[in-house]
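Protein chains: 2
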Amino acid sequence: MKKELLPKVGRYAFMAEPFRCDFSNHLFVGHLGNSMLNAADFHSNDRDYGMSYLNKIHRTWVLSRLVIEMEEMPVAYEKFDIETWVEGVMRFFTSRNFAVKSPDDGKVYGYGRSVWALIDTETRQPADIFEVQGGLISEYVETDKPCPIDKPGRVKMGKDAALVRTIDTYYNDVDVNGHINSVKYIEHVLDLFDLDWYRQHRLKRFEVAYVAEAHQGDRLSLWKEQTGVDEYCVRITRDDDTKQEIVRCLMKFVKD
Amino acid sequence: MKKELLPKVGRYAFMAEPFRCDFSNHLFVGHLGNSMLNAADFHSNDRDYGMSYLNKIHRTWVLSRLVIEMEEMPVAYEKFDIETWVEGVMRFFTSRNFAVKSPDDGKVYGYGRSVWALIDTETRQPADIFEVQGGLISEYVETDKPCPIDKPGRVKMGKDAALVRTIDTYYNDVDVNGHINSVKYIEHVLDLFDLDWYRQHRLKRFEVAYVAEAHQGDRLSLWKEQTGVDEYCVRITRDDDTKQEIVRCLMKFVKD
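Protein chains in written order, with the UniProt record's numbering: chain A, 1 to 256; chain B, 1 to 256.
In short, the hints are calculated from the structure, not lab data. Misleading hints may appear alongside valid ones.
Note that the list lumps identical chains together, so a pair holds whenever it fits in one copy or between two copies.
Here are the computed lysine-lysine pairs in the DSS-like style, where the Cα-Cα straight-line distance is at most 27 Å [to be verified]:
#, residue 1, residue 2
1, K101, K79
2, K79, K56
3, K224, K156
4, K8, K79
5, K101, K255
6, K56, K156
7, K224, K101
Use the sequences and the hints to build the structure in full.
What follows is the structure in structure tokens.
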């Protein structure tokens, strides 16, 4: 008997917990990103192609791109819902969108986009998404629901990026896969701007490309370049002989 | 007409979100601490002596002590409830306890204890708790419910503590009061131990005394001393001419 499909769009409830808000009483972008990743996880698990199932067949989702674009951030105690759905699926990648909304009046705080790769946890090589549960994910592709923000672009950086900080990575940076947590990179990058900057600017769009994995103990170098009015790119490299690029991101701020 | 009182013990539902778990798939202690602070906040707001009311009269709660003692930490996706209640109240301080339980079978993960001071947000001086809502909090004191872990003691450190790390503080470290977030100190201290340590040890008891406030941009020095078998104390001082003590804490680990 074929199992009945769930709705394509999942909706999950969150709250801007006061101790996860910044000095201005708005939810930290890192925590919003974390909630998006949780929503993605709940949505895919509920539909039988999430980590819970994948772990059994030595596969896992790896986040490749994340874009968050917000008109407004929830303030302390505000409840927000994250809707998430799969917009497209190819052999090695799938794209998943997010909408952040108020549960009360339907107000839209903003949107997100993400790209995920499926990998084999033993070989760390790309794995075929259509081989999972007989390609079940294809039945959940939702192309009609709008996500009115730009897709992740190619974050272009010149040679002028300046080394602005070198950081060590520790126990709290590491996730269950033994890698530096995706959200921790976001926090380290946003920490390059100080309170005075955030008093006058609001982060409107954050775009991150996860290029390679880093591990606890890796020393990371952060290179920053201004690429427009209130627009910055940051590249994170491993601070060893390889100088391997780990993460690249783009931030567009607006004056408050 | 007198408003009806709520139950003395509040119970709030949480979940060990997968991206808030460590390499071993257990909830980070910092996130558990954060959930306890949120439960405290919900409980006191629900009972009209929380931040929401206090902000209007230029008062706020300041965390002075926190103890977390766990038999077991929730693993990814496990739901847990935090019960919290006020155990005692004096003019300038109140003590609040926590029990962390499974909503399914009532299994107890562990307990917490905390001490809070009330201060005037303009003068930063202690304020009289009994003057808030006519001493309403006294009606919520619950002394019968057990909290079978030791009260916070005096964290004694000798002169042998070694300077083990100096860190800068950034945007993501700062809370809505403009101070370094209480939970961030816990994370910085637990980051003094590496993955290899956590592979063999579980943190059983964490005790922290918040002595003074630090602000974004403050450079903090961490001093560590072994005070017993698998027991360590850490002192955090401001890395300037004052060398002011900011935080002192005690960790008891057990071999896994």
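The hints, checked one at a time:
1. In this homomeric assembly, K101 and K79 come within 27 Å of each other (Cα to Cα) both inside a single copy, at 9 Å, and across copies, at 24 Å.
2. In the homo-oligomer, the alpha carbons of K79 and K56 lie at most 27 Å apart only across protomers (22 Å), although the nearest pairing inside one protomer, at 34 Å, exceeds that limit.
3. For the homomeric pair K224 and K156, the shortest alpha-carbon distance inside one copy (12 Å) is at most 27 Å, but the shortest distance between copies (43 Å) is not.
4. Within a single copy, K8 and K79 get their C-alpha atoms as close as 23 Å, and across copies as close as 25 Å, so both meet the 27 Å cut-off.
5. With identical chains, the CA atoms of K101 and K255 are at most 27 Å apart within one copy only, with a shortest distance of 23 Å there and 45 Å across copies.
6. For the homomeric pair K56 and K156, neither the shortest alpha-carbon distance inside one copy (38 Å) nor that between copies (48 Å) is at most 27 Å.
7. In this assembly of identical chains, the alpha carbons of K224 and K101 never lie at most 27 Å apart, being 32 Å within a copy and 45 Å across copies at closest.
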